[in-house]
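Chemist: First to last, the sequence lines map onto chains W and E. Per the numbering used here: the first sequence = residues 60 to 209. Per the numbering used here: the second sequence = residues 3 to 243.
These are calculated hints, taken from the structure and not from any lab test. Just so it is clear, the structure is predicted and the values come from calculations on it, not from any experiment. Keep in mind that a hint or two might mislead.
[What the hints assert, rightly or not] Covered, in the sense of this in silico footprint (three residues per stretch, anywhere, with C-beta under 8 Å from a C-beta of chain E), are these stretches of chain W:
{"id": "1", "stretch": "62 to 74"}
{"id": "2", "stretch": "86 to 93"}
{"id": "3", "stretch": "146 to 155"}
{"id": "4", "stretch": "159 to 172"}
{"id": "5", "stretch": "177 to 185"}
[What the hints assert, rightly or not] Cβ-to-Cβ under 7 Å is the rule here; a few derived chain E residues that face chain W:
{"id": "6", "residue": "MET12"}
{"id": "7", "residue": "VAL15"}
{"id": "8", "residue": "LYS131"}
[What the hints assert, rightly or not] Heads up, simulated DSBU-like pairs for lysine-lysine below, C-alpha to C-alpha not over 30 Å straight-line:
{"id": "9", "chain 1": "W", "residue 1": "LYS82", "chain 2": "W", "residue 2": "LYS109"}
{"id": "10", "chain 1": "W", "residue 1": "LYS109", "chain 2": "W", "residue 2": "LYS202"}
{"id": "11", "chain 1": "W", "residue 1": "LYS177", "chain 2": "E", "residue 2": "LYS131"}
{"id": "12", "chain 1": "W", "residue 1": "LYS82", "chain 2": "W", "residue 2": "LYS202"}
{"id": "13", "chain 1": "W", "residue 1": "LYS109", "chain 2": "E", "residue 2": "LYS131"}
{"id": "14", "chain 1": "W", "residue 1": "LYS204", "chain 2": "W", "residue 2": "LYS82"}
Beta carbons: idealized from backbone N, C-alpha and C, even for Gly.
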Amino acid sequence: MDVMALYSQHKNMVYRLALSYLKSRADAEDVTQQVFLRLLEYRGKITPGKERSWLAAVTANLCRDTLRSAVRRLNQPLSEELVFQDEGQSEVFRAVMELGEQERAAVYLYYYEGYDTKEIARILKISRTAVTTRLSRARQHLKEKLEEIS
Amino acid sequence: MKISKYQQAMDQVNLSSEADERIQAAIEAARQEQKVIPLHGGKTKKAAFRIGRAAVIAAVLAGLLTVTALAAANISRIAFWARPTQESLYLGGYGNITGWLDIFFEQTTDETLELGVWEPGAVPEGYEKVGTFDNDEIGYHRDNWGTDAGEIFYFSYQLSHPADSDLTIHTFLEPDLVIEDGEVTINGSPGWYIVNNDYDDSDIWTTLYWTNPEAGIGFTIFSCDLSLDELITIAESVRPQ
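Excised from the complex, chain W in its bound form (with noise of 0.2 Å):
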């Protein structure tokens, strides 16, 4: 397994869904270089194709593990502003971030990664009833969120 290739392909899907959860930079790059040098330890076998929601996978186990770390304030806003090219980017982004973490997590993996429900449950070691209520309600409150701000 060339760990450095898949470091290459996937550390921005590792770290943009580290970003969804724990909406730190820092805490978001913190976690891809333990995924990948958890990719490294691993002696197990990862099914070609399956590599990158089996990092999916690591990545949210890794995350909620973060965000139960007693030192952690939770819910605190994007520590760093990120630039986009235009205000609405940049409306909804925020509106998104402003979700709650398993919203989050769930809205990034089916809306940007497309990972149907069934692959979110796996990767998000829920029931996919769970899922479609998280992305139910997070569409809800993204809802609610851009009809204020507009």
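Dock chain E against the given chain W, drawing on the hints supplied.
Modeler: Using the frame of chain W, we list chain E on its own:
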């Protein structure tokens, strides 16, 4: 329209070049040394914890079944299996002193049967047997299956019951922990699945209970690393050896 804005925004969220270089250097250094780097909340620790917890649960379960079996000492190795009822599913839990959720399987046959050896034929890649537990007196066996990454699932099977009582599976779950549950059918036989939070909210567990009425065996498989669909696939591949 808004979703595309989110996608466009996320396209612009990338690792900084400084972080990228730092992480690449860390991976390269680790690869050179090939050392195991302990991580916060690492899987190996969690896997050990899970085995310990499951062993405690299994031991208590075995103890409870032992008490039940000894209460009707002249009748051994008799199994009765049928459909778990919704009513019995919750009445047992709420009615018991423990407050736990219990699953009742009603009686069907009264033939004397043997536990035998049962194995799943379809196991997810990377999993191998990492532990076993037996209680021959009451007819109970459990295999622990795990991966190098610390993922794990537990597969157990049991005979049970004196002729005049139902099989009660004590889930050790308080109903508040249950996220979702429902009926399933495994190879045409009735079963029940439960998705629940752990007591300390550390994991989500999925447990599948099902029966083989002809053999008189009740099965349990549970994991916090595998989905219900994956557990069903494993369950449907279980065969006597």
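Chemist: Could you run down the list of hints and mark each one as holding or not?
Modeler: Status of each hint after checking the structure:
For the stretch 62 to 74 of chain W, the proposed coverage by chain E is satisfied: 6 residues have a C-beta within less than 8 Å of a C-beta in that chain, meeting the threshold of three. Under a criterion of three residues with beta carbons nearer than 8 Å to beta carbons of chain E, the stated coverage of the stretch 86 to 93 of chain W is upheld, 4 such residues being counted. Counting residues of the stretch 146 to 155 of chain W whose beta carbon lies closer than 8 Å to any beta carbon of chain E gives 7, which meets the minimum of three for the stated coverage. With 4 residues carrying a beta carbon less than 8 Å from a beta carbon of chain E, the stretch 159 to 172 of chain W meets the three-residue requirement, and the given coverage holds.
Chain E is given as covering the stretch 177 to 185 of chain W, and this holds because 5 residues of the stretch bring a CB closer than 8 Å to a CB of that chain, at least three being needed. At a threshold of 7 Å, the smallest CB-CB gap from MET12(E) to chain W is about 5 Å, leaving the interface hint in force. Restraint check, VAL15(E) versus chain W: the minimum CB separation of about 5 Å is within 7 Å; hint holds. For LYS131(E), the interface hint is violated, the least distance from its beta-carbon to any beta-carbon of chain W being 15 Å, above 7 Å.
For the hint linking LYS82(W) to LYS109(W), the alpha-carbon distance of about 26 Å falls within 30 Å, and the restraint holds. Distance check on the hinted pair: LYS109(W) and LYS202(W) sit about 33 Å apart at the alpha-carbon level, beyond 30 Å; violated. Simply put, LYS177(W) and LYS131(E) have alpha-carbon atoms about 26 Å apart, close enough for the 30 Å limit, and the pair holds. For the given pair, LYS82(W) sits about 21 Å from LYS202(W) by alpha-carbon distance, which is consistent with the 30 Å threshold.
Between LYS109(W) and LYS131(E), the direct Cα distance comes to roughly 23 Å. Compliance with the 30 Å bound is thereby established for this hinted pair. The hinted pair formed by LYS204(W) and LYS82(W) meets the criterion: a straight-line CA distance of about 18 Å does not exceed 30 Å.
Going down the numbered hints, you'll see the structure goes against 8 and 10, while the others check out.
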